[in-house]
Structures are given as C-alpha cells and as structure tokens.
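Just so we're aligned: 344 in full-length UniProt numbering is position 344 of the sequence shown, and the numbers increase by one with no gaps anywhere.
Note that these hints are calculated values from the structure, not bench results. Just to be clear, a hint being listed does not mean it is correct.
[Claimed, not checked] Computed cross-link-like contacts, BS3-like style, restricted to lysine-lysine with a CA-CA straight-line distance of at most 27 Å:
1) K325 - K136
2) K306 - K196
3) K52 - K126
4) K211 - K136
5) K144 - K212
6) K306 - K174
7) K144 - K274
8) K126 - K47
9) K130 - K33
10) K274 - K284
11) K144 - K211
12) K103 - K144
13) K358 - K297
14) K136 - K47
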Amino acid sequence: MQNSYRKILTFDREFVKDRLLIENLLLATELVKDYHKESISSRYAIKIDISKAFDSVQWSFLRNVLLAMDIPSEFVHWIMLCVTTASFSVQVNGELAGYFQSKCGLRQGCSLSPYLFVISMDVLAKMLDKAAGAKKYGYHPRCKDMGLTHLSFADDLMIFSDAGVPSSLSQEIKDRYHFDVGHLPVRYLGLPLVTKRLTSTDYRSLLEQIKKKIGSWTARYLSYAGRLSLITSVLWSTCNFWLSAFRLPRGCIKEIEKLCSAFLWSGPDLNPHKAKLSWVDVCKPKQEGGLGLRPLKEINDVCCLKLIWRLVSHANSLWVQWIEKYLLKADTFWSVKATTNRGSWMWSKLIKYRDVAKEFCKVEVRNGHRTSFWYEKAINSG
C-alpha cells in the first residue's frame, strides 16, 4: 500500500511526506497572476470546499478503488474491517446513549483515514485529468504543458482552466450548480490569494486575529513574563504561517510589533506609551540585555531563504517543476533576470534574496548540467 501511495496524487499536499501546504498557495499565486487585467486570455479558477469530505466516502467505492490499485484482496479485507466495524456513541445529558454503526465515511483520528482519503481524492484527480484530456474543458494557459488541472489540499480543491464560454452557458452553469461568482482576492488555505502584492486590506485579517487573541486574555492577571510567553508561543505562532508563505510588507510587521509591544508593557489595554524598552532592545538576545524575542522580519527572511533552498534542492516538488518550466525555462534561479515579468509578486521578492542566499550555498558539480560557471560561488582555496 505504501508503494502505491507514493505514486498517487501529485497535486495533493496534505498527508503526503515532503509535500508542503504553502507550495499549493505559492503555485496558486503564480497561476492567478494578471487575473486583474483585461488584456489576458480568458481563464478561470473554481474554489471548491467539499462538504463533510471524510463522512461522505462510500465504503463500496473505497473497496473497489483499493482492489483497482492491485492491493491484495486479503489486505483490502483487513482494511475494510477496520473501516466498517467501528461503533459510535452519543452522550445525552452526560451519559452514553448506546452504540451504533455507521453506513459510510472515514473516522476522524483513525491512523488509516488520511491515507484512504487521499486515495479516494486521487480518483477525482484522475477524472479531472481525463476530462481535460478529452477536451471537455481546456487547460489553464500556463498549465497545459504540465497537464495541471487542479491543486488539492484535503477537502480544499482549486481547479484552473481556460474560459471564454458564452454568457448564456455561464449563467446556466451558475443556476444549475449554485456557484457564487467571486472576485480576487479570496481566501485559499487560510491566506489571501492575490494577483498583486499584499496591501493593508489583505493582511487586516491577521491583525484582527492577533487583536482577538489579546482580547481573550483580558480576564487573566498576567505578569510581564506571562505576557512574553504568550507572545512567543501564541502570537508568533499565529504569524508563522503568513511568514512562511509570503514576504510580509514592512507596514504589516510594524503593526504586529506595535500591538505586541503594547500588550507586553500594558496588557490588554494596548497602551503604546508604557513601553519600558524599545522593541529593538526587546528582540535582542538575553546575553545582550534583551528578552530573547526573535524579530518578525528576521523570521520572514529565514522563511524566504528556506523557500529558495527548497527551490534549488527539491526537483520533485510540483511548485519547483512549474517554476522551472514557466519561469526559469533555460535559465537557473541564480541567472534569471531580476527584471523579468514572468512571475508573481512573490517570485520577484524571492529573486531579491539571491545575493543573501548565495552566502549559504555550495554546489556539488557532478555532471555539471545544473551548475553555472559564472553564477555559482567559487571556493577560495588553492
């Protein structure tokens, strides 16, 4: 089963080793580039959140899929026993009201469920690919060469295609399937999917989330050490996902630091005038008289460098393969022109980190196919 599992669902990022959620977001950002322009060819994106995805998997369907994957029938029988023989109970007024068995679905928390769900989603992926191959709908202009039809993360599905259907057919589709016609930016995997760089409107939800968390601590008496611990463990963790996916604007980072500084020195009142140390001093190491809090900009820089490391070292990544196909082409990441307009705003930000990244890189020449004599850093030794 493990050998079969490794081969499936290139476009799914959850539950699969070495596949990252943020790669889906970064690739989606590249694909919606220029969607705000009327001069580009017609194209669309459909964002689908599958309702009760785990609970909707039919057992007969799952059994047939496992058998079709050439998994031994005895092993399939064992798997289905684990899935179908579970009992459930409901508490009524604090007491269990008997047990009952379900008729379909996968259990949340079962160690097998994530694997079986990904296998089920692979069938949907193959159906989408088959429909595109049969020209029932067209490929996105920047996906055709790779045969990319969609991106998937658990029950979140994003389908990309060309558009240009008559307005009458478009209206018929909306009436039949009750699709809401959205406009970018939209939320995808918890973050804004934008065509241009992040604005204050785009990251406002992050600031509101931080304020909401701080507001929930009003009923507690907290010392300075307690507030510092909450900033480190809760507020910084809230920011980490944004920092790992995007190069946040300086204005956003300053707003977050302003909120955290006010909370540290005045509590939930958020009085910015009670600070006993500047935020720069707070973020210094304890050995230098600071409180050991890591600056957000430094974390953001490290996350961007990590993306570059992944770009040059994970050739099997779908995001990396797409970049090599459509953005780098015959170039390498180190030699591609910084002024190119091929990629999204986030791609332009990563390009600006090249000089910093080079200081931490070394290259194994091997056959020299992926090594540039002019752009790779030479070793200063005899």
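Here is what the structure says about each hint:
no. : hint        : in the structure
1   : K325 - K136 : 25 Å, holds
2   : K306 - K196 : 22 Å, holds
3   : K52 - K126  : 21 Å, holds
4   : K211 - K136 : 47 Å, violated
5   : K144 - K212 : 43 Å, violated
6   : K306 - K174 : 41 Å, violated
7   : K144 - K274 : 58 Å, violated
8   : K126 - K47  : 18 Å, holds
9   : K130 - K33  : 26 Å, holds
10  : K274 - K284 : 19 Å, holds
11  : K144 - K211 : 44 Å, violated
12  : K103 - K144 : 40 Å, violated
13  : K358 - K297 : 19 Å, holds
14  : K136 - K47  : 19 Å, holds
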